[in-house]
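Residue-level listing of the chains:
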Amino acid sequence: MEYVIYGIITGCILIIASIGFSMVWKTENFLNIAHGQMLLIGAYMAYLFKSVLNFPFALAMILSVIATAVLGLLLAKVFYFPVRKSGILVLLFTSIGLSWVIYGIVQAIVGPQIRTFGLETSNMIEVFGSQILSYHELFIIVISVACVVGLHLILTKTKNGKGFRAMAENRDLAQLRGINSKKLSNYVWLLSSGLAGLAGILLAMSGTLNMELGWQQILIIMSVVIVGGMGNLYGTMLAALIIGLSMDVSTVIVPTSYRTAIAFIIVILVLLIRPQGLSKGGAH
Amino acid sequence: MEILVFLSGLIALGGIYAMLAVALNINGGILGLWDLGVVGYFAVGAYSYTLLTIDAPEGLGLPMFAGVIGSVIITGLLSLFIGYTSLRLQSEYLLITTFAFAEIIRIVAANEEWLTNGNIGIFGLDKPFQDLIPGANYMLFFTGLVLISLAIFYFFAQRLADSPMGRYMRAIRENEIVTQSIGKKIFATKLKVFVLSSSMVGLVGCFYVWYMSIIAPNMFTSAITFTVWTALVLGGIGNNRGAVIGAFVLILVQEATRFIPVPAEYSVVLAGLRQFVSGMMLILVLRFLPQGLIAEKFKSVEKIFKFHDNTIILEPKGVGKNAASQGAE
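Chains A and B are the protein sequences, given in the same order. For the first sequence, position 69 (counting from the first letter as 1) is numbered 69 according to the working numbering, and the numbering increases by one without interruption. For the second sequence, position 12 (counting from the first letter as 1) is numbered 1012 according to the working numbering, and the numbering increases by one without interruption.
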């Protein structure tokens, strides 16, 4: 039972981490490898606010999400927008280069030590006499449900959200119909980086904070997005839960160190059986 | 003398990466497969060589020569399996599948302790002709060996690129559907080239084992894949000379900073700086020289068909091919 809970928590964090990646893939058509490093930035920003500047945790979280979002947009403007015309392979490699740049800078500043936020351990919630999950874990689940619901509302109810969906289907046509794709893609980058930062914080909350966080997560994020079907947001959410659950539940049978291998095996199987992902969508 | 040993070590490492880049260029550059599994075949080559040559009970104790051939065969067979399952997929999907296979290989190597001694790895491995050459000069000899093999790799890849097969591979890269329509077998060719390129990478694995004289799973992280691809992009995708130059430039930049004398507390900063410089180099080259330091030349085709006048390089939307063809437009 507790493995299922762990799985759901992993899945919830993965949802937040993958949605932004998926949105960028859908609008910009490339795999943004540097998305993993945005998680790293978010997590270390929160560490800076919480443990160095001694802000309350909630405030530290909000500040660092906003800071990561703005930084993400700036990085996109400086690094990605000028090479957009050169095609997706150039964009892909630019994002790999950017990952190294970010990784290098963060490493130079923080060094290799493993850190934690130093949050006091929270009480367990008792349901029917058995301890199921801690308040921290409940918090992670609530946040990610809120994100999913919020995102759904934005995508279906607001003008920008509808514009995003139109742009994802066909950028040229959307532009022709008077959708300001420049403004919209700024929103996408803000939202995507902000969500990445949030995911990084939650990840560091449920575990520890180390330099390899970005590289480790980007592999799993890519798996989730592929399993969910290219750029399909709802498929991505489902896939995040499935992969999160199977990674943690599988530890009952196989050694824990094979946890990430499970995610990759799922990806390979899904691609072989259903190359278009769990749900149809995107260009193929 | 010391500086000579240091330099030869640097050149040997650069040569190893250059061999990897040349092998990857066949597969990723000329054929245009988005293969992020390089480190997987590299690891399999290195591990199978080690396990074939070290003494029982861990290994089979075969002679070095047999170990090299065996590792190429094993890597070839494994890449046949990986290729057969994944080569039907396109661009990003292929990229992720190969990446996933490479990660699985590393995780298996880290966990199956009966086979690979897990994360601790295997130490004190023999190097070729170790007994014949005195210790001080060994690095020089080894560097020579690496450079000779690099030359063989280079000439082989160059011959392949100029052959009808090379043109055919470029045709698949530029437009798969058209190539199929003129009656070429796409999947079989991709598989052949994929296995060839991966076996070459497996062979380089042996050199890496000799260079390091230890083997452990954390030597085979995805950073190697990214380094090789970066070298290829720096030098110019689809072009063997570019692959070699890119690899040497990248390794020199990365390793040269390792020997700047700094106080210990700044070594972390320096390590970060190294990553920063590699990343910046990649970004700047892509921005200002999207074809790399040396652009791909369609040597034989150019002469026959005047390829540059013919600007119809079809680029189906969303299935974008690579930087070289982008630049050629």
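Note that these hints are calculated values from the structure, not bench results. Honestly, I wouldn't trust all of these hints.
[Unchecked claim] Derived Cβ-Cβ restraints for the label pairs, each shown as a range: (1) A:I253 / B:V1253: 41 to 47 angstroms; (2) A:Y3 / B:N1137: 20 to 26 angstroms; (3) B:Q1158 / A:K157: 35 to 41 angstroms; (4) A:P82 / B:F1081: 37 to 43 angstroms; (5) A:P112 / B:E1255: 15 to 21 angstroms.
[Claimed, not checked] Just so you have them, the derived chain A footprint on chain B, three or more residues with Cβ under 8 angstroms: (6) 1095 to 1103; (7) 1106 to 1114; (8) 1150 to 1161.
[What the hints assert, rightly or not] In silico contact screen, one side only, chain A against chain B (beta carbon under 10 angstroms); selected entries: (9) Y6; (10) I8; (11) F30; (12) L31; (13) F79; (14) S86; (15) L89; (16) F93; (17) G111; (18) I114; (19) I154; (20) G207; (21) L241; (22) I268.
Even glycine gets a Cβ: it sits at the ideal position worked out from N, Cα and C.
To see whether the hints hold, each was checked on the structure:
1. A:I253 / B:V1253: 41 to 47 angstroms: 45 angstroms, holds
2. A:Y3 / B:N1137: 20 to 26 angstroms: For B:N1137 against A:Y3, whose Cβ atoms are near 57 angstroms apart, the range 20 to 26 angstroms is violated.
3. B:Q1158 / A:K157: 35 to 41 angstroms: About 59 angstroms separates the Cβ atoms of B:Q1158 and A:K157, which means 35 to 41 angstroms is violated.
4. A:P82 / B:F1081: 37 to 43 angstroms: 41 angstroms, holds
5. A:P112 / B:E1255: 15 to 21 angstroms: The hinted range 15 to 21 angstroms holds for A:P112 and B:E1255, with Cβ atoms some 20 angstroms apart.
6. 1095 to 1103: Answer holds; 7 residues pass the 8 angstroms Cβ test.
7. 1106 to 1114: holds (count 4)
8. 1150 to 1161: violated (count 0)
9. Y6: 19 angstroms, violated
10. I8: 23 angstroms, violated
11. F30: 9 angstroms, holds
12. L31: Hint holds; A:L31 Cβ to chain B Cβ min 6 angstroms, cut 10 angstroms.
13. F79: The hint holds - A:F79 has a Cβ within 10 angstroms of chain B, the shortest such distance being about 6 angstroms.
14. S86: Result: holds, 5 angstroms to nearest chain B Cβ.
15. L89: 5 angstroms, holds
16. F93: Hint on A:F93: holds, closest Cβ of chain B at ~5 angstroms, below 10 angstroms.
17. G111: Cβ of A:G111 sits 5 angstroms from chain B, so the hint holds.
18. I114: 14 angstroms, violated
19. I154: 25 angstroms, violated
20. G207: Violated, about 18 angstroms.
21. L241: 19 angstroms, violated
22. I268: 6 angstroms, holds
Violated hints, in rising order: 2, 3, 8, 9, 10, 18, 19, 20, 21; the structure is consistent with all others.
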